[in-house]
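There are 2 protein chains.
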Amino acid sequence: MKKIVIIGSGNVAEALVRGLSGAGCPPVQVWARGRTKATDIARLCGCAFATEVKELAPADVYIIAVTDRAIRQVAASFNFPPDSVVAHTAGSVGMDVFPPQVKNRAVLYPVQTFTKGRTVDFSETPLLIEGSSQYALRQVTEVAQMLSDKVRQMSSERRMMVHAAAVFACNFANHMYSVGEELTREAGADFEILKPLIAETAGKAVAARSPCDVQTGPAVRNDFETRSRHVELLAQKPYLQNIYINISKSIWETSKKT
Amino acid sequence: MKKIVIIGSGNVAEALVRGLSGAGCPPVQVWARGRTKATDIARLCGCAFATEVKELAPADVYIIAVTDRAIRQVAASFNFPPDSVVAHTAGSVGMDVFPPQVKNRAVLYPVQTFTKGRTVDFSETPLLIEGSSQYALRQVTEVAQMLSDKVRQMSSERRMMVHAAAVFACNFANHMYSVGEELTREAGADFEILKPLIAETAGKAVAARSPCDVQTGPAVRNDFETRSRHVELLAQKPYLQNIYINISKSIWETSKKT
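Sequence order for the protein chains is S and W.
Numbered continuously in the numbering used here, the first sequence closes out at residue 269.
Numbered continuously in the numbering used here, the second sequence closes out at residue 269.
Check the hints yourself; a few may be wrong.
Put simply, identical chains are the same to the list, so a pair is met inside one copy or across any two.
[What the hints assert, rightly or not] Okay, derived cross-link-like pairs now, EDC-like style, lysine to aspartate or glutamate, Cα gap no bigger than 16 Å in a straight line:
#1 K161 / D132
#2 K206 / D224
#3 K267 / D234
#4 K267 / D224
#5 K268 / E193
#6 K268 / D224
#7 K248 / E197
#8 K14 / D71
#9 K127 / D224
#10 K161 / D201
#11 K248 / E264
#12 K206 / E135
#13 K206 / D160
Source of the hints: derived by calculation from the structure; they are not laboratory data.
Put together the whole structure using the sequences plus the hints.
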């Protein structure tokens, strides 16, 4: 059985440990800086944990699931076995982040958002993979296929574009919910009032061929009167007014293209 | 039993007919300009339909569910019975849209997005209501409570703010999905790759106290490197670059406030 070590203790690390355990291939070790977090995650699959660099277990594949900015430093702090494969999980970080002594480099980027306390079905999560050598690619493919039915090889450059897409579809969509909450509070209501709408908006997009096909609202109808009323309403919040105008314009331009 | 006529044949009209029928109070008539659409919707509840102004049936409550810009003209074209209540369903239109001879004016605005071919659970849909008289308010309250468990009285001004909130949380969130689709195509992938992410993003926001609590991504982490890479990546699409920069800034500002 493939020996895998997970390095990290955040939400992605936790999801990987759950996913690998579910696939019948729990990691042999979880390595993390903080003892409490490392033990918490290792306990999920009953595997070993470590917090010291010199304690890193021998393995076939090391998956570094830490925040983007920490990958370089974390990777440089270990002496990985020469034949092992070292992978990271970031959307917008290339394989050149690893130090030169790491020969078999790989990426395993899950196109998903992971949040503490929420379990995500890894088998449905698209995984974008890349390898610096045939061996690295084969190893990371095998790991990815244990986790998910949606594995796809993609270059760093194209993966970064998918990551930017995910920033819009996830992070920016969530911020649209936050702005919605801010405005409902101004109206004396609260976020609850928007929840059925948010659920239905995502539900119909996921059911659609393209989200452009189900775009609704004043912008796509080119309803100038309603748009003007809203822009006026946001006069005290110029940053939101600006976002309102730009997105409305973009919706209208997109609708003409499709 | 209350006599209700639905005027219109769009998605809101259809949802109202389904909702009222489900509540055991189907409309007595569906009135619409187009014969095919009127009969299609009337058939849903087996009620009468009409396409001529002079055929409008006597009723207690008339609900005008047409596009915002058409409300004024449609309302002015009828001679409603003097004691009847005339309501519209728009978020950003006041009660002054009705002609002076309509004494009992009302609004019944569902905070939801309605799409052809998708059935929405009306009982879970928040309804914002308003009435120009005690009688109008009582009548529209009774209709709303038949449809939904989430009925709330709100002034036109505050309702317009909730409508603007809904534009962000629904229309603009959907456009973020569309931009995501555009970028995944650039990467040689398609919209399918974003669907699990979109479903999870909405799912975790709906489960949260506030969407600010579950905001993820480069902007909220103030990850300058990733943000710069994405901004550079969007150099050929200045309108998206502009949206990227402004929303990222807004996410960061919001995160400091919460």
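Right, here's what the structure says about each hint:
| no. | hint | result |
| --- | --- | --- |
| 1 | K161 / D132 | within (12 Å within a copy, 32 Å between copies) |
| 2 | K206 / D224 | between (22 Å within a copy, 15 Å between copies) |
| 3 | K267 / D234 | within (15 Å within a copy, 34 Å between copies) |
| 4 | K267 / D224 | within (12 Å within a copy, 36 Å between copies) |
| 5 | K268 / E193 | between (32 Å within a copy, 12 Å between copies) |
| 6 | K268 / D224 | within (12 Å within a copy, 36 Å between copies) |
| 7 | K248 / E197 | within (12 Å within a copy, 34 Å between copies) |
| 8 | K14 / D71 | within (5 Å within a copy, 73 Å between copies) |
| 9 | K127 / D224 | between (33 Å within a copy, 11 Å between copies) |
| 10 | K161 / D201 | between (38 Å within a copy, 13 Å between copies) |
| 11 | K248 / E264 | between (24 Å within a copy, 13 Å between copies) |
| 12 | K206 / E135 | between (24 Å within a copy, 10 Å between copies) |
| 13 | K206 / D160 | between (31 Å within a copy, 14 Å between copies) |
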